[in-house]
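With chain A held as given, fit chain B onto it using these hints.
Protein chains: 2
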Amino acid sequence: MSTQLVHTIAEVREAVASARRQGLTIEFVPTMGALHEGHGSLMDLARRPQGFLVVSIFVNPIQFDRPDDYERYPRTLEADVEFCRARGVDLVFAPSIEEMYPQPQRTFVEVTGLTEHLCGRFRPGHFRGVTTVVTKLFGIVQPDRAYFGEKDAQQLAVVRRMVRDLNLPVEIVSGPTVREADGLAMSSRNRRLDPEHRRAAPAIYRALQAAAARVAAGAEDPGEVRSAALRVLEAEPLLRVEYLEIVDPEEIQPVAGITDEVLIACAVWAGNVRLIDSVRARPGRGEVR
Amino acid sequence: MSTQLVHTIAEVREAVASARRQGLTIEFVPTMGALHEGHGSLMDLARRPQGFLVVSIFVNPIQFDRPDDYERYPRTLEADVEFCRARGVDLVFAPSIEEMYPQPQRTFVEVTGLTEHLCGRFRPGHFRGVTTVVTKLFGIVQPDRAYFGEKDAQQLAVVRRMVRDLNLPVEIVSGPTVREADGLAMSSRNRRLDPEHRRAAPAIYRALQAAAARVAAGAEDPGEVRSAALRVLEAEPLLRVEYLEIVDPEEIQPVAGITDEVLIACAVWAGNVRLIDSVRARPGRGEVR
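These protein sequences, in sequence, are chains A and B.
Residue 106 in the working numbering sits at position 105 of the first sequence, and the numbers go up by one each step.
Residue 195 in the working numbering sits at position 194 of the second sequence, and the numbers go up by one each step.
A hint or two may mislead.
[What the hints assert, rightly or not] Quick look at which bits of chain A chain B covers, simulated, 3 or more residues with Cβ under 8 angstroms:
1) 106-118
2) 166-174
[Stated by the list, open to error] Cβ-Cβ distance ranges computed for the label pairs, FRET-style:
3) A:R241 with B:P103: 39 to 45 angstroms
4) B:D183 with A:Q5: 56 to 62 angstroms
5) A:E197 with B:E15: 41 to 47 angstroms
6) A:Q5 with B:E225: 43 to 49 angstroms
7) A:V242 with B:R76: 52 to 58 angstroms
These aren't lab readings, by the way, just hints derived from the structure by calculation.
As the structure is a prediction and not an experimental result, all values here were calculated from the model.
For glycine and all other residues, C-beta sits at the position ideal for the given N, C-alpha and C.
For reference, chain A alone in the conformation it holds in the complex (with noise of 0.2 angstroms):
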């Protein structure tokens, strides 16, 4: 089988349209590139027997908050294709901007309420071009299914919601966060890291796990819960914490009190990249995932 590598939206639809032909669904992937292998784990879970895997390859200029970001991303589409080879994509789709933008963009979808919080407070217009880009990619594919990771969580919480409220035809379906050896969330970022601050950014996940803890223990205050995550992160002075909230994981609102499953995220800056990682708490329980 053959992975293809187009740049135009014309070629998507041709290639699409003729896999629905064949009666094949199609499963789709977007992503903004430098793969790895929680990339890989979403296209693992998405490669279907009677499926058409998609995987986009686009970095968004629109949902970058700060210039000197959208220049730093990494951009590897060599690689990354060969990755998508390796893992039996299709269809790679890595459009150029003015495709993307052929006229200024006018229209823009926006998930009001749980884009208050987390990471929608420190980047502002980041959720509104991840929602606006995301519709243009399904209105582009047309995928029966669209696959997110759980590391993005507040982005995954507003993709879902974002089809919920537009009756958008796709299937969300989200894939757990795949973590290196030392627990350090996967994240295309991770490269940009200096040995320094990458041996130091292991103790992010330490935090969010000193802090579920606190939760299965019992904690029903998020004061507490939150201080227990600080205590860990303070420890490592290479680490500036942006936030690290306890919010409920549909709404994305702060919880007064944890009566029920949460969501633990956090923000941390590592020298000049930011990192963002989250678990999922339930009083009794700990991290359920």
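Just chain B now, with coordinates in the frame of chain A:
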């Protein structure tokens, strides 16, 4: 041939999927009901030998800026279904509010720029409500083509732009404004006019024609063209002009000089009923449609 009336999204999806399996295309006319010949002409346009014709009837609360307009909007489902039957519609989708908005709507589709002037200036949130519900309806019906009237010229431009910007897999087809014998543009709101205001209302189209005639005669100054229309309207004491503007037909921005085709659009109050109308005009050729 029979017309099926359904109220749920699941029933629409099933009927549409079945039509697709029969090799039919899906043709879609979204409406708010209170159907008249304007809708009828769109249905005539949309009825195709190999097509499955879907009409939605839904008075969408989130596009009304004034509660009284929403409450008084005519609702005539039984007559509407009969109307659709006579026009060869295959499926009428008349959902409840709860079917369309089962949970608080958090996701909105917004077209910027094109919604700053004309109705967008006087009806805050109106177009956001329109583009959001149209996106939802497209997600539910998944039409090949959707049909909109040219009378709602700004809405048509906004929906066209939204479809392009979001790469929605649907073709937008427009149908010309249908008018009463005296020139009044057909509108569901016309039936709320009392006899006196009904007699006054045709001045709206006469005013637009006067403006188009100035353009045809070579007038390049929008102020001069606007005055020609306003003179006609001011002669009719029962009408009150909300706006009367000359804009470019795609970006819906006021023009400084008339050198190319323009849209002359207005909103006029006849008592407590707000009516809109528009014509296109081209230098040296006058009204073009």
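Taking the hints in turn, this is what the structure says about them:
Given a C-beta distance limit of less than 8 angstroms, the hint that chain B covers the segment 106-118 of chain A holds, as 10 residues qualify and 3 suffice. With a cut-off of 8 angstroms between beta carbons, the segment 166-174 of chain A has 5 residues touching chain B; three or more are needed, and the interface restraint holds. In this structure, R241 (chain A) and P103 (chain B) meet the distance hint of 39 to 45 angstroms, their C-beta atoms being roughly 42 angstroms apart. The hint said 56 to 62 angstroms for the Cβ distance between D183 (chain B) and Q5 (chain A), and at roughly 60 angstroms that hint holds.
Against the hinted window of 41 to 47 angstroms, the Cβ-Cβ separation of E197 (chain A) and E15 (chain B) comes to about 59 angstroms, which falls outside the hint. Under the hint 43 to 49 angstroms, the C-beta atoms of Q5 (chain A) and E225 (chain B), about 58 angstroms apart, miss the expected range. Between V242 (chain A) and R76 (chain B) the Cβ separation comes to about 55 angstroms, which falls inside the hinted range of 52 to 58 angstroms.
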